[in-house]
Every structure is written in structure tokens, then in C-alpha cells.
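Visitor: One letter stands for each residue in the lines below.
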Amino acid sequence: MSTDVIRPRLTALEATWVIARRDFIAVLFSRAFLFFLIGPLFPVLIGGLAGSIGGQVQRDAVSIEIGLALSAEENAAMITAGNALRPQLHGLVPELHVVKEAMGEQNFDARAFLDQRRGNYAAILTGTLAAPQLVGTEGQIARWSGPIELIAATASGAAPARFPQASSQVVATSAASDRTNRIRTAQAAQMVLFLLTMLLGGMVLSNLAEEKGNKIIEILAAALPMDAVFMGKLFAMLGVSFVGIAVWGTVGWGFWAIAEDAIVTVTQTNFRDLPGPAVGWPLFLALGIAYFTMAYLLLGSLFLTIGAMASSVREVQTMSMPVTMLQLMVFFLSAANIGQTGTPLELTSVVFPLSSPFAMLARAALEETLWTHALALLWQGVAVILLVKGGSLLFRKRVMKSGGAGRVKKPWFGRRAVPLAEPAE
Amino acid sequence: MAVSDHTASGNLGTGFSAVPHDARPLAIEARGLVKSFDGTRAVDGVDISVPEGAIYGILGPNGAGKTTTLRMLLGIIDPDEGIRRVFGHDRPHDIGRLIGYLPEERGLYPAMKCIEAIAFMGALRGLPLKEGRLRAAELLERHGLGYAANRQIRQLSKGMAQTVQLLGTLVHRPRLVVLDEPFSGLDAINQGKLEVMIRALAEDGVTVIFSTHVIHHAERLCEGVAIIAGGRVPYAGSVEAARDRIPAQVRLETRAREGAWLTALPTETKRNGDFFQFPLPATGIEPLLRQLIEGEAGILSLSIERAGLHDAFVAIAGEAAARQLDADNQGGRA
Numbered sequence: 048m049s050t051d052v053i054r055p056r057l058t059a060l061e062a063t064w065v066i067a068r069r070d071f072i073a074v075l076f077s078r079a080f081l082f083f084l085i086g087p088l089f090p091v092l093i094g095g096l097a098g099s100i101g102g103q104v105q106r107d108a109v110s111i112e113i114g115l116a117l118s119a120e121e122n123a124a125m126i127t128a129g130n131a132l133r134p135q136l137h138g139l140v141p142e143l144h145v146v147k148e149a150m151g152e153q154n155f156d157a158r159a160f161l162d163q164r165r166g167n168y169a170a171i172l173t174g175t176l177a178a179p180q181l182v183g184t185e186g187q188i189a190r191w192s193g194p195i196e197l198i199a200a201t202a203s204g205a206a207p208a209r210f211p212q213a214s215s216q217v218v219a220t221s222a223a224s225d226r227t228n229r230i231r232t233a234q235a236a237q238m239v240l241f242l243l244t245m246l247l248g249g250m251v252l253s254n255l256a257e258e259k260g261n262k263i264i265e266i267l268a269a270a271l272p273m274d275a276v277f278m279g280k281l282f283a284m285l286g287v288s289f290v291g292i293a294v295w296g297t298v299g300w301g302f303w304a305i306a307e308d309a310i311v312t313v314t315q316t317n318f319r320d321l322p323g324p325a326v327g328w329p330l331f332l333a334l335g336i337a338y339f340t341m342a343y344l345l346l347g348s349l350f351l352t353i354g355a356m357a358s359s360v361r362e363v364q365t366m367s368m369p370v371t372m373l374q375l376m377v378f379f380l381s382a383a384n385i386g387q388t389g390t391p392l393e394l395t396s397v398v399f400p401l402s403s404p405f406a407m408l409a410r411a412a413l414e415e416t417l418w419t420h421a422l423a424l425l426w427q428g429v430a431v432i433l434l435v436k437g438g439s440l441l442f443r444k445r446v447m448k449s450g451g452a453g454r455v456k457k458p459w460f461g462r463r464a465v466p467l468a469e470p471a472e
Numbered sequence: 003m004a005v006s007d008h009t010a011s012g013n014l015g016t017g018f019s020a021v022p023h024d025a026r027p028l029a030i031e032a033r034g035l036v037k038s039f040d041g042t043r044a045v046d047g048v049d050i051s052v053p054e055g056a057i058y059g060i061l062g063p064n065g066a067g068k069t070t071t072l073r074m075l076l077g078i079i080d081p082d083e084g085i086r087r088v089f090g091h092d093r094p095h096d097i098g099r100l101i102g103y104l105p106e107e108r109g110l111y112p113a114m115k116c117i118e119a120i121a122f123m124g125a126l127r128g129l130p131l132k133e134g135r136l137r138a139a140e141l142l143e144r145h146g147l148g149y150a151a152n153r154q155i156r157q158l159s160k161g162m163a164q165t166v167q168l169l170g171t172l173v174h175r176p177r178l179v180v181l182d183e184p185f186s187g188l189d190a191i192n193q194g195k196l197e198v199m200i201r202a203l204a205e206d207g208v209t210v211i212f213s214t215h216v217i218h219h220a221e222r223l224c225e226g227v228a229i230i231a232g233g234r235v236p237y238a239g240s241v242e243a244a245r246d247r248i249p250a251q252v253r254l255e256t257r258a259r260e261g262a263w264l265t266a267l268p269t270e271t272k273r274n275g276d277f278f279q280f281p282l283p284a285t286g287i288e289p290l291l292r293q294l295i296e297g298e299a300g301i302l303s304l305s306i307e308r309a310g311l312h313d314a315f316v317a318i319a320g321e322a323a324a325r326q327l328d329a330d331n332q333g334g335r336a
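Taken in sequence, the protein lines are chains A and B. So the first sequence is residues 48 to 472, counted in this note's numbering. So the second sequence is residues 3 to 336, counted in this note's numbering.
Note that these hints are calculated values from the structure, not bench results. Careful, some of the hints might be misleading.
[Claimed, not checked] Some chain B residues near chain A, calculated using beta-carbon distances under 8 Å: (1) 78; (2) 95; (3) 96; (4) 98; (5) 103; (6) 105; (7) 112; (8) 113; (9) 115; (10) 123; (11) 126; (12) 185; (13) 195; (14) 198; (15) 199.
[As the list claims (entries may be wrong)] Using 16 Å as the maximum straight-line C-alpha spacing, the simulated EDC-like pairs for lysine to aspartate or glutamate come out as follows: (16) 436(A) / 80(B); (17) 160(B) / 83(B); (18) 444(A) / 83(B); (19) 262(A) / 143(B); (20) 262(A) / 106(B); (21) 115(B) / 140(B); (22) 115(B) / 143(B); (23) 272(B) / 255(B); (24) 444(A) / 80(B); (25) 160(B) / 107(B); (26) 147(A) / 121(A); (27) 444(A) / 260(B); (28) 147(A) / 112(A); (29) 259(A) / 106(B); (30) 160(B) / 189(B); (31) 444(A) / 189(B); (32) 272(B) / 288(B); (33) 259(A) / 107(B).
Even for Gly, the Cβ is constructed at its ideal location relative to N, Cα and C.
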């Protein structure tokens, strides 16, 4: 037999690629991947729908209607004035509706009408435009008397029909408030990074379970160095995660493009208003991707090792909770020190490999210094290699025992036959 | 002291061969391999030498240390002590493309198609996927599984899946094939096919080393054998030499029941009616025959039976090991 087309010995990179390609394709073309993709969209979709419905209900419930019980001409003048003022005053101008029950009624009793809880009026305007009288609860009168007076004045021609356009000049924020604002960006970025690693990192925990269950692990271990197997699995899941993020990001972007106003209303947050990070958005995004990669590889290598030690799926499930706690602790360590650059605790979170990506991303939002990121990424890369090497070593020592190996064999040693003399050859 | 037919030379490269007077280079050489798990010695000073192109068996009962030994030879685990070399390399992964390995616990990705599974196993050994697929199709066709090339592994019978895995072990055309208990789980027909396949590999110059607890497989196939029990190798050498360690048994039937000729029989002779059974004397059968004829014993029949590997195993590894081996075989058949 010849080995003609066999390439020279697989390099670590090639070995990693062989494993990563298999795992990536296997995950991507599995039915479960579809659920993986749409899984995180469910809460967003349901949250959006619930928020939208809730908002609509709330808007309906609190829509303000002021009843008009003036003469027909004055009612019409009030409505016209209200419509004229609404573009300038937005929510300050209530909906004005003519109280039908009052039309043609000389002795219309607005107080009795409201006491009977008829109609959907916050208050009712009676009297004349010259002497308007607002009937309602104390709170409603306090709230609406001003706008109603303004509308009545406009309706009676006492106010200018046209409003001058006010010019505006935006003043730049101060340095102190700039940093305070950037902390919001740092917090938001850390939260996104944490959510993504928590959502996606857990997958790695049970990654070797398939190989162990299928007994294929021994074939992999015989053919390739175990650290290449570990690395391949990590990169495969990282690739899967990027596919997921790309899909969710695209859906999110599309959702934003369609319903930006609704999102801002529901979340009470305008993401466009997030202050720009110190290093600028493009570099910040690039660093975000780099730190996500590192956070994923660091936590993933740890999870892979822990998961590889498990002998059953049940054990993997049991370990999920402490692993989640570990993630939370790492996150809290870095989140608690945002904005405290240089303090011992902040430096600890920067140096400790598992929290380093989170802490450094926050720094990218707050500090303009770039060399620290190069150093941090290098250190995190070294930590990944060390964790993978350690994990694979542990795996080989603890897991790759043969069926009979490690058992007490005293009976065997006790009964071993006395060897024969040297062979007669 | 462990008996081995290799010389006690400190130089691994010379004077360390399983087959005497063999000038072939060694595919595998291991010396003093020790491996402990949780304080228990699973393998305790194993010495093995396998020349290139040989079929070599590691024979022992379950739990004797066969799999641990193979795993150390393949670099899946490292020995605590001792030296292992595969084609002269200390690190078997460095020459992984020359090795094919079929583990005892068979396993494939259930969702993979047969052709992809074989190509993937080749890719693990450095064979490009495209070439792997071509070879996989060819191998499947040759072994009567061409129709199942695009079936998922989970759709195959156990025997078919085992064949697919074996083809995956061979797809990159290795120079050394290591098979851990390859016959277990196979029916008689497939065991026969596997024997044919192993012989064909050896004819192509491929070194085949396999572990087994079934003596007749080793006896039929192997040129050399290592007998392993309790983590130690009391014998490593040729099958012929192992059998020669037990003297051939002489079975004699005579017409006369008494006579002076009886004193000519060896002291170890066992009598059963008209039959006598004793080991072949070191001086050969001719002097004894002469005495029997002169003493008018009236020889009715005489046969000399050479010892089998099982007898050798009993003598070398001990009754207890042999009993367990027999029990493993019974269990395997069950």
C-alpha cells in the first residue's frame, strides 16, 4: 500500500481544522440548529408583542378626552383651535369632543353627568369662550386648565394664529458628563457580551458528550493530539455562535429598521442616543468581536474540560448551574469596576483571564489607550492555549482509561503464574 | 522473570526482535512500559517488538492490560515509565498518517453518511476529503456495501457499521494497523472475512497488531504473539516458539499390558487402560521405540501431538489466566 496522496503530518492548525469543520457542518446542518437560531427570537418577539399590546392598551386606557358643552359655534372654534395647537404642543393638547348629550340642552348639568360616570371624559368644558368653566376632578382640572385656557384664548382670537419658529443651538456636553455617559455604553457593551457568552458558552459544556457517547473519542485521540481536538471543537462552536449572532443581528437590525419608534417607546431607550465609546464605534465594534471571541474561547475551554470530565448527560446538566454561577461571578467582577480604571480590583478583573475580556471592553468604551488592548488580547490568547493544554492533559489522564484499566487486579497479581525459563531459541 | 525471545540488549534498535534472526526493521518496539491508574498498576513493565509486515497478537483475558498497552503504543496515553517507538518515533502522533486504529469500543457519528464517515476518518490521518470520498466509495463497493454509501450510520446494522469503521481505519492506507479486539461482536462469517482481510494487509506489507482473548485467532493468524496477564507480559515471541515451549505429547497404545518395556517409559507417563500418555522425551522417540520393540510391547498405535497455543498459554500465563480466558470466550460467544 502506498501513502502517496497523504499529506505530511497534520499540523496543529490542520488538525484543529479537521475537527472544527466536521463539528461546524454537523451542527449547522442539524435540525436542532434551527431551534437554536429561533430560540432567542421567541422572547424578543413575545416581549415586543406584549409591549406593543400593552402600550396600545395603556394608550387607549389613558387617552384624554375633554368634553365640550359650549354653544355649537364655540365647540367648533375650540376643536379648530385644538387642532391648530396640537403640532406645537403634542401631548399637551387633549382630545376635544362635543358632549352630544349637552347639545341643545340649556340646563345641562356637567357635574351630574360626570357623577353618573357617563362618557369617557376627563373633564367637561362649559360656559362660554369668554368665561370657560372646567368641570372635573381636582387632579384633572389642575392638569388641563392651562391648556384649555390656551385653546379657548386661541379659539376666541386672543392668541396669535401663527407661531414663530424658535431657533435652537445645541451646546456640547462637558468632559465630565461625557465620561458619565460613556459608562452607559460600557455597561451596555458588557451586558451584551455577557449575555452572548452565557447564551452560547453553555453549548460547549456538553460538546464532548457526543464523542464520548458514540465512543468515537478514542479514534480522535489516537489520530490527533487531544489539544487539537479541544481547539477544533471550540472553534467550531465559536463559528456556530457567529452564525447565530449574524442571524440574530440581521433580524434585530431589520426589526429596528421597521419599528424603531415602537422599540424606543417600549424600551424607553433610544439606542441612537448611546454615547460614542472613547475609541470610536468602528474600533469598539472590532474590539467587541475580538473580546467576544476571547471570552468565548476562555470560558469555552474551561467548560469543555469540565464537560469532558462528566461521564453522563445527567452529570453535564448537574454541572450547568455552578458553571452559570461562575459566569455570573466573572461578570460581576468586571461590571462592578467599570469606570474605576487602575484600582486594584479593576486591575484584577483585567488580569484574571476569564474576566479580562469584559473588563477590557469596558475600558475600550472609557479610555482611548489602545496598546493595553493588544497586550490584553495577547494575554487572553496565551490563557486560552494554557487552558486547552491543561484540559486536554487532564482529559487524557482522567478519562482515557481502558475498560479494565484502573481496576483492582489483586486476584490477578496473586495468581500470576511463575514464568517459564528462557525460551529455547 | 518475564520470558521473552528478544535478547536483553539495552539498545532498542538492535538485538530486540520478536522473531529471531529477523532482519526486518521494527514497526513497534516497547520496553518496560508501565501505567498506573489511581494507584493500581494496569500495565507493569511490558516489552513488545513487532517487525514490519508481521501479524502480531496481544493475547490475554479481559482486564489484563491489552487495551492500555495499545493506547500507550498509539500515544493516546503516555506511559508512566518505559520507552515506546512506532517506526522509530517516540511520539506516535508525529507519524499518525502511517497508523490505522480500530478501538475496542466501536463508534461512529450516527448522522454521518457511510462515505463521509470513512472520508472523515481518513481526514483525521491527513487524507484530503475529496480523495477520501473516492477511496471510501471504492472500498464500500469492494466489500459489498456500495449500495449503502449514502446511508446514515444509524441506518446500518451493527455488523455493517463495524465494517464501515474498519474501512475507515484502512482508507488512508496505513503501514501499521492496530485493532483492539477486532473479532468481538462479529459472527463467524464476518470473523472469517476479517481474517482474510488481515492476511491480505500483511501480504501488502502492512504490519497488523491486534489484541484478542480468543486463542485460535492468534494461533491461525499471528507470526508473533505477546501473552499478557495481570499487566505483565510473561512471553513475547513467535507463536511457534511459544508452542515449542511445551513438549509434544506422545500417545501410545500397546497389546501387552506388562513387561520390562514399561521401565523405558518416562516417569511423567499417565496410564489409561491400554493407553499411555507422556511428553516427548528430549532424546526423541526413536530410542524409546527401539526399547518398546525389543521389550515386545506390541505397539498398536502411536501418535505425537504438538502442543497448541492454548497449552502454551496455560503453561506461560498460568491456570488462572487460562480459566479467565476461557470464561471470556464463553462470554463472548454468549
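Visitor: Under the constraints set out in the numbered hints, which ones does this structure not fulfil?
Guide: 9, 12, 13, 14, 15, 17, 19, 27, 31 and 32
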